Amino acid sequence: MLMLTCPCCGVSAEETEFAPGGAAHLRRAGPGTPDDAFEAYMFQRDNPRGVHFERWRHAYGCGKWFLAARCTRTLRVLGTYSARTTEPPADLAAEPPVDLAADLRAPAAEAPA
Amino acid sequence: MRMSHSALALVRGALTGHTGWPRTWDSPLPRDRYKVIVVGAGGHGLATAYYLGRNHGITDVAVLEKGWLGGGNTGRNTTIIRSNYLQDASSAIYEKSRALYEGLSQELNYNVMFSPRGVMMLAQTEHEVRGYLRTARANYLQGVETRFITPEEVQKRVPIIRLDGPRYPVLGALWQPRAGTARHDAVAWGYARACSAMGMHILENCEVTGVRSDAGRVSGVETTRGAIGCERLAIVVAGHSGRLAQMAGFRLPVESVTLQALVSEPVKPCMDVVVMANTVHGYLSQSDKGEMVIGGGADGFNNFTQRGSWHHIEETVRALVETFPMLSRLKMLRQWGGVVDMTGDRSPILSPTPLGGCYINCGWGTGGFKAIPGSGWAMAEMVANEAPGPLAAPFGLERFREGRFIDESVAAGVAH
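Quick note, the sequences are listed as chains A and B, same order. Its first residue numbered 1, the first sequence is counted upward by one per residue in this note's numbering. Its first residue numbered 1, the second sequence is counted upward by one per residue in this note's numbering.
These aren't lab readings, by the way, just hints derived from the structure by calculation. These figures come from a predicted structure and were not determined experimentally. Misleading hints may appear alongside valid ones.
Said to hold, decoys possible - Label-pair distances were calculated between CB atoms; the ranges are:
id	chain 1	residue 1	chain 2	residue 2	range
1	B	Asn109	A	Arg73	38 to 46 angstroms
2	A	Ala19	B	Ser287	40 to 48 angstroms
3	A	Thr16	B	Gly165	23 to 31 angstroms
Here a beta-carbon is modelled for each residue, glycine too, at the ideal position from N, C-alpha and C.
Using the sequences plus the hints, can you model the full thing?
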């Protein structure tokens, strides 16, 4: 079960309170875009085995969209941040080493970025 | 000649303490170079290698596997085989596959335990009734034997079902009598044994770490067991396709998510068909061991852990208990997840790639097991002729650019 913290209302909750919205930081293809760029925007995904930047919505809370960095290999949520961010934050781009002891002491201690 | 699994051989094995069985497939050292390298020794990869040898006479083939043979999604599915799809392109390849499954035990001389017990897809909303009536008519035109059956016939075939909701009453079902299940491990082992007998190399614990190319054409791969040269490369790695594509220098319209399944404790025979309930995202069959095998929904977010979200199991079981009240008394024994590769239109990709001589087979999403023989057949044809044949042609990568989708996800008739 993922634990996410909504950066809009500050609530930390389990994933059932949120709705996943796919990859973040996609550059929208506008009118007159060549087919290549539209295909890349609409379908092609990096699908990393590691840190993935993605969109979530606090569906059963404040209803707002926000962005999260999460590792697809370990399911650790590295941080959440505002949907008004255009580039992936550099400090969340790599997963910190796993500290199992700290995880055991405080399982829900994943603070917002 | 490999030892057969005849009745006589079994008796001999029983008398000698089952100590004399040879390896089912050889474990050779890698050669420097092969004509074709298939990455991924799951069902699809092994079937690709097998039909390369059987149909096209190409036996200078290595199948590379980063873990152990059949240890990915081939060992993690619910073993359902059916071909009741709406679109002609899907129907053609899945029906080819189902037909090959019918004769597979004889062909491989290895019992894959194909059991054509019939698959029933429940219609639990008015929308589904209309959808399945349409699918039944499409299947009639495609030459796939299905029909829409009444709730009374559903009850007769599945005595443990409760028809009258309250939330999701059973209004009928799409019935495919020649669909069924097979033994997933045996499919991989049977193909592996046949490939090994043709002189192909199956290299386990051999992870591909890079793809070598020369003037826009593939020239080999780098692996954890050294560099291996090849003339053609077939990438058949399901959830990990994106990484292999990145090594080969292109991107895919694929995202990997976890799909879960679970089995109950074994009980006496109570249901001899496969039942799928797509409105509530659950499907159910009884294994030969007596376990109720339950398949659930996929997570909504990318995941490579082979562990799905707990609440999906809860939702699947909660919904199935309404339709099958007896399930509420069963204890669940095991739960697992597999990394499935989902494409934009929920149909697979069988395609040449921007790298010459490199072909990819992926995107089977939540329904790859049923397609193993047909997918291998079509992939082998494409690799051997360096061009897609009629089965593979509609599934090319270019369809996303052209907007020519094989749209099964909203066309009803699939559990996605």
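Cross-check of the supplied hints:
For the hinted restraint 38 to 46 angstroms between asparagine 109/B and arginine 73/A, the CB-CB distance of approximately 41 angstroms keeps it satisfied. Remark: the range hint 40 to 48 angstroms for alanine 19/A to serine 287/B is contradicted by a beta-carbon distance near 34 angstroms. Separation of threonine 16/A from glycine 165/B is about 24 angstroms and conforms to the stated range, judged on CB atoms against 23 to 31 angstroms.
Hint compliance for this structure: hint 2 alone is broken.
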